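J.: For reference, the chains in residue letters:
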Amino acid sequence: MENLLSLWHSTGLYNFTAGQAFMMLVGFLLLFLAIKKGFEPLLLLPIGFGAILSNIPVAGIAEEGGLLHFLYYGIKLGIFPLLIFMGVGAMTDFGPMLANPKTLLLGAAAQFGIFASLIGALALNMVPGLEFTLKDAAAIGIIGGADGPTAIYVASKLAPDLLGAIAVAAYSYMALVPLIQPPIMRALTTEAERKIEMQQLRAVSKTEKIVFPLMLLLLSILLLPSATPLVGMFALGNLMNASGVVDRLSQTAQNELINVVTIFLGLAVGSKLSAEAFLQLETLGILALGAVAFAIGTAAGVIMAKIMNKFSDTPINPLIGAAGVSAVPMAARVANKLGLESNPHNFLLMHAMGPNVAGVIGSAVAAGVLLSLVK
Amino acid sequence: MENLLSLWHSTGLYNFTAGQAFMMLVGFLLLFLAIKKGFEPLLLLPIGFGAILSNIPVAGIAEEGGLLHFLYYGIKLGIFPLLIFMGVGAMTDFGPMLANPKTLLLGAAAQFGIFASLIGALALNMVPGLEFTLKDAAAIGIIGGADGPTAIYVASKLAPDLLGAIAVAAYSYMALVPLIQPPIMRALTTEAERKIEMQQLRAVSKTEKIVFPLMLLLLSILLLPSATPLVGMFALGNLMNASGVVDRLSQTAQNELINVVTIFLGLAVGSKLSAEAFLQLETLGILALGAVAFAIGTAAGVIMAKIMNKFSDTPINPLIGAAGVSAVPMAARVANKLGLESNPHNFLLMHAMGPNVAGVIGSAVAAGVLLSLVK
Amino acid sequence: MENLLSLWHSTGLYNFTAGQAFMMLVGFLLLFLAIKKGFEPLLLLPIGFGAILSNIPVAGIAEEGGLLHFLYYGIKLGIFPLLIFMGVGAMTDFGPMLANPKTLLLGAAAQFGIFASLIGALALNMVPGLEFTLKDAAAIGIIGGADGPTAIYVASKLAPDLLGAIAVAAYSYMALVPLIQPPIMRALTTEAERKIEMQQLRAVSKTEKIVFPLMLLLLSILLLPSATPLVGMFALGNLMNASGVVDRLSQTAQNELINVVTIFLGLAVGSKLSAEAFLQLETLGILALGAVAFAIGTAAGVIMAKIMNKFSDTPINPLIGAAGVSAVPMAARVANKLGLESNPHNFLLMHAMGPNVAGVIGSAVAAGVLLSLVK
Amino acid sequence: MTELMSSGIELLMAGMGIVFLFLAMLVVAINIMSAVVLRFFPDEPKASSPSVVSTNDKRIVAAITAAVHQYRHDHK
Amino acid sequence: MTELMSSGIELLMAGMGIVFLFLAMLVVAINIMSAVVLRFFPDEPKASSPSVVSTNDKRIVAAITAAVHQYRHDHK
Amino acid sequence: MTELMSSGIELLMAGMGIVFLFLAMLVVAINIMSAVVLRFFPDEPKASSPSVVSTNDKRIVAAITAAVHQYRHDHK
Ligand code: NA
Ligand code: NA
Ligand code: NA
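Chains as they are written, first to last, in our numbering: chain Y, 1 to 375; chain F, 376 to 750; chain C, 751 to 1125; chain U, 1126 to 1201; chain Z, 1202 to 1277; chain H, 1278 to 1353.
Hints are computed from structural coordinates only; laboratory data are not their basis. Bear in mind the structure is a predicted one, so any value in this text is a computation, not a measurement. You may find that some hints are simply not true.
To be verified - Distance windows between CB atoms, simulated: (1) F:553 with U:1130: 16 to 24 Å; (2) C:1079 with F:722: 43 to 51 Å; (3) F:392 with C:878: 46 to 54 Å; (4) F:390 with C:878: 41 to 49 Å; (5) C:876 with F:393: 44 to 52 Å; (6) C:1057 with H:1313: 23 to 31 Å.
Said to hold, decoys possible - Simulated crosslink set (DSS-like; lysine-lysine; CA at most 25 Å straight-line): (7) Y:76 with C:786; (8) C:956 with F:412; (9) Y:206 with C:786; (10) C:1056 with C:945; (11) C:1125 with C:852; (12) F:411 with C:956; (13) C:787 with Y:206; (14) F:581 with Y:36.
Said to hold, decoys possible - Rough simulated footprint, nothing fancy, chain Y against chain F, three-plus residues with beta-carbon under 8 Å: (15) 453-460; (16) 597-607; (17) 613-624.
The beta carbon of each residue, even a glycine, is placed where N, CA and C say it ideally should be.
Pulled out of the complex, with its shape left as it was, chain Y reads as follows (with noise of 0.2 Å):
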């Protein structure tokens, strides 16, 4: 009997509270997204699960002993996100871009979303009750960044209660990129533009592959060391992988150890989406500034890309523009889809690959300033 009281005592549903039950929810809400919505599943699953499970009252699967408490030293010590940095470096072709080199301006406008949310994270402070320091404003704008590591790396070192909306922010957002960013794109272009054919991209040399990688570690170590680790792992992988000479490196590093890894850090991060942290009104000002940061980021990249048409010898259609938020490869695809609607013989996946990685890069080098500037 006795016994059976303390079996009750020790049943969830006991003792749930009503911010458990509340964030399970969110959990289910993101596992419903990645599975029937496809939104990002490879890592809004992992986190949509990490969040049930790190509310399971009595369970203490995110507190100390815990595998979730364990998994999240991976993230506390920077190593997933960067290990993740390495996978994708080395799965990226630098080919477009090193084929048309002026479109990494695309990349850097873009970036624009990031600085613009940090300054309405620090406008959002009027609002009472919420109170975000600088550093809370720096992890939020890198959402803007739309590259899931950067976000996540940089959060975990300026503002790690804040990890768990924003990586949700960050990865959502991404899956929305093409809902997001075709209204704006079509508001800031007219139709003759959206028509604009570029020239065939030249073929890139391997030798011009292998030596990209290591001029972007040099150029970031000259001038922005804090940058280095993500910029150094997304070089390391590229340069794995574009050097030829490490295949079974390469492969493991985009494959296996990418795979095993974003288990982990989506469990992780799912961990950080604790009632405590995520029920407050910040989240719900983290998600605004997120939208806002993406359409802004769009925003500036398509500009970006008219004034570079408008100087440049070559026509550059301002829809590529767009692709320099990063969020490979669907801002790419995105771009592609709308200069097919306007004329379909105009296929700008390529063209859009150049700015679409500069903006990984884009948003390394802004982690970096904001790493090394905020303090």
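Fit chains F, C, U, Z and H with the ligands to the given chain Y structure using the hints.
T.: Chains F, C, U, Z and H with the ligands in isolation, oriented as in the chain Y frame:
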């Protein structure tokens, strides 16, 4: 000369204790069983090797600073069994069980082996020299769950000193399922019962397979949070596979990740096969009780199936009750084999897979009960 | 303005020390050798990259909290070299050695390079400014083992400060085997000797291949427990492969697991290429002694083969003695190539594989001696 | 009977009770879930054995088809 | 305007400045690098789409060729 | 000669001695083991080179055989 003497003093020959020598023989025996007899080689080969390595005098491979000591943290922190459970979840197809859910009850009945051998362990305390605590008895009982990672997880929490013997017993008896089960199954069934043909299973929809792991997790959260680490990781693996949206994660979980963890887990379990821990009267008790547990679990499953056959509107072959112990997929194969012996047209494999995977759930639930009530 | 100044003060350009810049050049040199010259790229690419990353000013990637600092624990605790050794064991086929066991003695003779360069290191203490302890000398000598993981394992235990230089020397000279060995081999053999054809090797049974790793381990346990971590993990890998019952584990050990560990090990070794540790007179000594070690090991192997050829009833081509240094499989290929030059029908590859893998055992044994006697 | 043994028997009863309760509830839950899913969210039933042609096989078949066509073309 | 906000605006300017500076320098560096590489270290240009035959395909083709030859041989 | 150097030479002698002893004992052990195994536990000798057809190849061959049969059937 002095050097040579010091060298002689550093040899294994000079430093061997009888216990170490004996445990090394145990290690070689496990290797023999794994390699020549095909006893669960995936686990028993690394466990046997770990037993040899950890009993090498002087080398200290299982002591502070040694590799096996380090790997053991993966068990101590519960990481390895949970990751294996995730991989097993990804490999499990709940289709046959969902097509005929009442066979779940067979997986419940077979867990009687767990609790019967728990009582048996306490009864053995009457033997002078044996002193099993309630925790010890619970850890021993879980052998009857016929599920390696569950047994290791529970033993690491309740009775780490007995871990080596428990893991060895669990995997050995799982390998012996084709020998242990048939006589019991034959004794408890009539020829007519063994001839019973079952109705073909309906096809199960993808949505059912996606919803099931979540439902399983939810029930575990509400009723038995202490089982959620095991059930949760199992459900995660299963969901990754069933959802079909994260195939690369699912593949990695059921291949490379589980392989790496299996090697590490096996070696770490082997490191607990030290003379002090293993060469005890307790070990004989554990081995005896493990066999009893399997036998009772089998019998309970068969009897339950006979009862259900009486009341069911569709026929149930009692042989499939034996598959309720888990030991996936051997127990199901045993049921199939005995069915074919009595009736060459009677393919029970798919029908036995239902209770078989139900047995995994059943023993995870039993593990939750033990972890929650045994303090 | 202040901000800009602080930004400038945070650039790499402002903070570079001459030592860091030089070590970065060393890193780029290693990348060049790996990518353009094909020098052991699997290791030298990550090592070179690690050297660059760890010498970035301000970023602190190799300092407390940085990724490379964390990865270095895998070397410090001996985990990475042992896991690589397991994978190498799984890749090794002892068939040719078992078919002609006396070639094991060639693998013994070639280890003379280890001890000769150990003496050389002590002799170099006469040079003012050089002060090698016995531990240092032993760690340097092991370069002559021509086996990367063994060298790193021993250096991490005996002389962690010299680890970077030792690992670089070991892998560089392994890559240079096709240049270092031939002149020595030609100088020590006559044209007639090089023409010697050897008898075809008998087929080796599966049982022999299964028993051998266990026998090797047993001998090591009895005679030299200090070598058992290395020998044991090597034997485990080999047994997993030879037994044929755990193919999925063996495949993972020799593919994904070894690949992941290779990336981590390489980066971690690179992190020891700091200016303070590397830009020392000692480094030049190490590089010189490494070359000497390879040369002496080669010579000893060839001379031993000549002696054995005198007393053997079946002919032994002295060229295969050079393969005793290990450096699998390059040294065996070199022997094969020189054999073909003198006699186009003389395929020595399989005959040289025996001493080649014996050299791996030989250097693991030598490592055990050093670890056990050098205190 | 010792106190330990009585704890054990209590554990046996609580344990088997919960295991049965849990799995019985799961049976009920599955039945409800299947009914709901099959009624309101039917999807294409899981393809049974015939279509086991993997991607790899498809490539093989494609390559063969091409080869055989080539052969026919060359030899007609 | 609060001090915080002015830090933010400073950050905006410094940040976008550095991002543009960095990527612009990268554009220049790439242009120089490409010119140098293409002039002094030309390698075979990256093979474009046609030769996508993978090793696996090659083995398939080899196997087919053998099979077809065998077939011709057997049936002529 | 310094003490260090004499330690080194002692190490050289002990080391080479043990290495030779170890590998020589291994030679003896292998010879005994091979004799015992080949006499008392012979297994099918390790298949030499001919049967290098991997599973993959087998599937390819099976697919081809099927395709060629089909072709014969369609065109006879
Ligand atoms: Na970006
Ligand atoms: Na079970
Ligand atoms: Na060697």
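J.: Please go over all the hints and tell whether each is borne out by the structure.
T.: Status of each hint after checking the structure:
1. Taking 16 to 24 Å as the suggested C-beta distance range, the pair residue 553 of chain F and residue 1130 of chain U does not conform, at roughly 34 Å.
2. Roughly 50 Å separates the CB atoms of residue 1079 of chain C and residue 722 of chain F, a value that falls within the hinted 43 to 51 Å.
3. At roughly 50 Å, the beta carbons of residue 392 of chain F and residue 878 of chain C sit within the given window of 46 to 54 Å.
4. Taken as a hint, the range 41 to 49 Å holds for the pair residue 390 of chain F and residue 878 of chain C, whose Cβ atoms sit roughly 43 Å apart.
5. Checked against the given bound of 44 to 52 Å, the beta carbons of residue 876 of chain C and residue 393 of chain F, roughly 51 Å apart, stay inside it.
6. At about 29 Å, the CB distance of residue 1057 of chain C to residue 1313 of chain H agrees with the hint of 23 to 31 Å.
7. Taking the CA atoms of residue 76 of chain Y and residue 786 of chain C, the gap is near 37 Å; set against the 25 Å cutoff, the hint is violated.
8. Note on residue 956 of chain C and residue 412 of chain F: the hinted pairing holds, with a Cα-Cα distance of about 15 Å set against a maximum of 25 Å.
9. For the hint linking residue 206 of chain Y to residue 786 of chain C, the alpha-carbon distance of about 12 Å falls within 25 Å, and the restraint holds.
10. For the hint pairing residue 1056 of chain C with residue 945 of chain C, the CA-to-CA distance comes to about 13 Å; that is within 25 Å, so the pair holds.
11. With a C-alpha separation of about 33 Å, the suggested pairing of residue 1125 of chain C with residue 852 of chain C is violated against the 25 Å cut-off.
12. Our distance criterion of 25 Å between C-alpha atoms is met by residue 411 of chain F and residue 956 of chain C, whose separation comes to about 12 Å.
13. For the suggested pair residue 787 of chain C and residue 206 of chain Y, the alpha carbons sit about 15 Å apart, so the restraint of at most 25 Å is met.
14. Proposed proximity of residue 581 of chain F and residue 36 of chain Y is supported: the alpha carbons are some 12 Å apart, at most 25 Å.
15. Taking a C-beta to C-beta cut-off of 8 Å, the stretch 453-460 of chain F contributes 3 residues in contact with chain Y, enough for the three needed, and the coverage statement holds.
16. Coverage of a stretch by a chain is defined here by at least three residues with a beta carbon nearer than 8 Å to that chain's beta carbons; for the stretch 597-607 of chain F and chain Y the count is 8, and the condition holds.
17. For the stretch 613-624 of chain F, the stated coverage by chain Y holds: 7 residues have a C-beta nearer than 8 Å to a C-beta of that chain, and at least 3 were required.
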